[in-house]
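Protein sequence lines, in the order shown, are assigned to chains Z and F. With our numbering as the guide, the letters of the first sequence map in order to residues 1 to 353. With our numbering as the guide, the letters of the second sequence map in order to residues 1001 to 1109.
Calculated from the structure, these hints are not laboratory results. Hints may contain errors.
To be verified - Example chain F residues on the side facing chain Z (calculated, C-beta under 7 Å, incomplete):
| hint | residue |
| --- | --- |
| 1 | 1022 |
| 2 | 1035 |
| 3 | 1039 |
| 4 | 1040 |
| 5 | 1041 |
| 6 | 1049 |
| 7 | 1051 |
| 8 | 1058 |
| 9 | 1074 |
| 10 | 1078 |
Said to hold, decoys possible - Distance condition first, Cα-Cα at most 30 Å in a straight line; then the derived DSS-like pairs of lysine-lysine:
| hint | chain 1 | residue 1 | chain 2 | residue 2 |
| --- | --- | --- | --- | --- |
| 11 | Z | 200 | F | 1068 |
| 12 | Z | 48 | F | 1068 |
| 13 | F | 1083 | Z | 49 |
| 14 | F | 1083 | Z | 266 |
| 15 | Z | 195 | F | 1068 |
| 16 | Z | 253 | F | 1083 |
| 17 | F | 1083 | Z | 125 |
Positions of the beta carbon are idealized from the N, C-alpha and C atoms, including for glycine.
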Amino acid sequence: MIKTDILIIGAGPTGLFAVFEAGLLQLKCHLIDALPQAGGQLAELYPKKPIYDIPGFPEVMAGALVDNLMEQIKPFQPGFTLGQRAENIEKLEDGTFVVTTNEGVQHCAPIVAIAGGLGSFEPRKPQLDTLEQYENKGVSYMVKDPEMYRDKRVLIAGGGDSALDWSIFLADIAREVTLVHRRNEFRGALDSVEKVQELKNLGKIRLITPAEVVQLQGKDTLEGVLVRRNSDPQEDIRVELDAFIPLFGLSPKLGPIANWGLEIEKNAIKVDNTLDYQTNIPGIYAIGDVNTYPGKLKLILCGFHEATLMCQSAYQRIHPNKRYVMKYTTVGGVTGFDGSKKEAPKAVVKAID
Amino acid sequence: MTDIQIRITDREGEDHTVEAPTDMNMNLMEVVRAYELAPEGTIGVCGGMAMCASCQCYVLSDHELPEKSDEEEAMLSEAFYVKESSRLGCQIAMRPELDGLHVELAPES
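Looking at chain Z on its own, in the form it has when it is part of the complex (with noise of 0.2 Å):
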């Protein structure tokens, strides 16, 4: 069992600021994410996008700004659980609470903030009749052992970056790659597909564009699809292969914290804005994108605040009975819990003749 002083879900631009604010207070955190790396929406939707409404930062592409939180936070060591979504929540006699993932793994706190943003990340399924039925019997929505595909027969359907990048990798892996897209174009980085071209001149990748898949085929397990051709609707194209990968990017869900037991207004979940961003589940805090309150206003300033308000209310929550006036990094400096130690120079008190 994972065990912290704050567990926080998301590890979007909100969740990691917190660790700066929590570790200034000498409290721990891990944090949970659906995705396999850090960042949230700015990571996985846009991290070449600029973002101009950081204070102090006129213009920092998403992407930047993750790697800077990394940088800050990392003298105070937070712990991840990447590629897991929180599943259940439940809380012990002493007060604290366990949460547990998908894959099972326990994370035990007196404290948890979620800071899950939209929800987390669920993959968008193609409209195919028999789809679910052959969901881990062939279908799969993700890449999460690329070893899996060694020598075996892989359709990946999908116009869009992780399509072109699967596409290139499992070229190597697998006994065969078949690429299907609804267009000819590509949405992805100018070297992916000029990548996916030459694996394709080189009959590594067999691409067939325009087309969709239309049908699954297979007695238990997926043996086969049939792909259509938009300009030749009338011959289907049957593929036999192992495993199909659709990759049509992700959708944000709420997912299991509607069930918690949160008050939920608008697909968000409902906090005390007066005072501490906390739910009305004591110690459960909501911050970021994924709490509302009146006038809220999904920024990332604004979950930044929030975090930090989060903190202070989570220490006293800690240490009742301890007394504490917030000190500016100026003058206290940061230490972390890895023995580092940022300052202010001191001045120079010398006299001018």
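On the provided structure of chain Z, position chain F as indicated by the hints.
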């Protein structure tokens, strides 16, 4: 005149005629959210960057709309329930010539 009228058929099939300002740099997705014609979290998920297709709609009137950008075109090619008349609401700016526009919101996916 700075306001135009837009007719929006929501995902339940209900019709709404709403006023949209043309001087606030607003797009169709934002108009839908401003009037809460689709639940928060189910529309405008990416914030209006043509990166999620949650604001896909079908254009039902014969207004002349600006051409699709490459980004919109590419996103629609990956979206579901796409028709000939599909557009991304976030890419349609509210302008005086769109007065009377009628759109239907595409299903959530």
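We went through each hint and held it up to the structure:
Of the supplied interface hints, the one on residue 1022 of chain F is violated, with its beta-carbon coming no nearer than about 24 Å to a beta-carbon of chain Z, more than 7 Å. Annotation: interface hint on residue 1035 of chain F violated; nearest CB of chain Z at approximately 14 Å, more than 7 Å. Hint status for residue 1039 of chain F relative to chain Z: holds, with the closest Cβ pair at about 6 Å, below 7 Å. Given hint, residue 1040 of chain F at the interface with chain Z, holds; its Cβ is 4 Å from that chain's nearest Cβ, closer than 7 Å.
For residue 1041 of chain F, the shortest C-beta to C-beta distance to chain Z is roughly 3 Å, which falls under 7 Å, so the interface hint holds. Checking residue 1049 of chain F against chain Z: minimum C-beta separation of about 6 Å stays under 7 Å; hint holds. Taking 7 Å as the C-beta contact cut-off toward chain Z, the hint placing residue 1051 of chain F at the interface holds, the least distance being around 6 Å. Taken as an interface hint, residue 1058 of chain F does not check out: its beta carbon lies about 16 Å from the nearest beta carbon of chain Z, beyond 7 Å.
Restraint check, residue 1074 of chain F versus chain Z: the minimum CB separation of about 4 Å is within 7 Å; hint holds. Here the hint on residue 1078 of chain F is kept, as its CB sits about 5 Å from the closest CB of chain Z, short of 7 Å. Of the pairs offered as hints, the one joining residue 200 of chain Z and residue 1068 of chain F holds, with about 29 Å between alpha carbons and a cut-off of 30 Å not exceeded. This hinted pair checks out: residue 48 of chain Z and residue 1068 of chain F have alpha carbons roughly 21 Å apart, not beyond 30 Å.
Taking the CA atoms of residue 1083 of chain F and residue 49 of chain Z, the gap is near 29 Å; set against the 30 Å cutoff, the hint holds. For the hint linking residue 1083 of chain F to residue 266 of chain Z, the alpha-carbon distance of about 29 Å falls within 30 Å, and the restraint holds. Distance restraint check for residue 195 of chain Z and residue 1068 of chain F: the Cα-Cα separation of roughly 27 Å lies within the 30 Å cut-off, and the hinted pair is therefore satisfied. Straight-line distance between C-alpha atoms of residue 253 of chain Z and residue 1083 of chain F comes to about 25 Å, which keeps the hinted pair within the 30 Å bound.
Proposed proximity of residue 1083 of chain F and residue 125 of chain Z is supported: the alpha carbons are some 18 Å apart, at most 30 Å.
Hint compliance for this structure: hints 1, 2, 8 are broken, all remaining hints hold.
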